[in-house]
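Participant: Sequence:
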Amino acid sequence: MEPLIVLVVVTGLLLAAGTLGVRGLRAWPVALRGGLAAMFLLTGVVHFAWMRQEMIEMVPPGLPSPAVLVSLTGALELLGALALLVRALAPWSAAGLFALLLAMFPANVQHALSGAALDPGEGLLLRTLIQLVFLAATGVVAVHHFRSRRSSDGVDGRVS
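Residue 1 is where the sequence shown starts when you use the UniProt record's numbering, and the numbers rise one by one after that.
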């Protein structure tokens, strides 16, 4: 639940800053990128810090080297978070994070179904809904930036 809170709060604060006159934060996709960056910084750090063992236990059986997979996905989340803050890299980062979220979803299912999830907020339905929010946010950022880049290059799909 914490990653969702971070996404919503940081995005909201950045939008508010844009409304109050911070020119670079007026566009909602920029604020959403900032919210996603904060969220993925949090989740990336968790792969190495206080919840590492729980993350390792979430890896579905049959996958090799759970500790290595947790480290790899954590590093990818941290790199993706930083890349979201670089305008030229943001759409690629968002698309990569979208794919990473899809790849990691089986671990969420495994965790919810294993009985290890004691908190009602860790149930499969809620985890799935939150995952859909994250997928939507990364997808929107990627699509928006790819589309705006195409338009600025003069390629808008229309025949002149």
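Careful: at least some of the hints might be erroneous.
Each pair of labels, with its calculated beta carbon distance range [claimed, not checked]:
hint, residue 1, residue 2, range
1, A16, G62, 18 to 28 Å
2, A16, Q110, 21 to 31 Å
3, R26, L124, 30 to 40 Å
4, T19, R87, 12 to 22 Å
No lab work stands behind these hints, which were simulated from the structure alone.
Where a beta carbon is used, it is the ideal one built from N, C-alpha and C, also for glycine.
Participant: Evaluate each hint against the coordinates.
Facilitator: Against the structure, the hints:
no. : hint                   : result
1   : A16 / G62: 18 to 28 Å  : violated (46 Å)
2   : A16 / Q110: 21 to 31 Å : violated (38 Å)
3   : R26 / L124: 30 to 40 Å : holds (38 Å)
4   : T19 / R87: 12 to 22 Å  : holds (21 Å)
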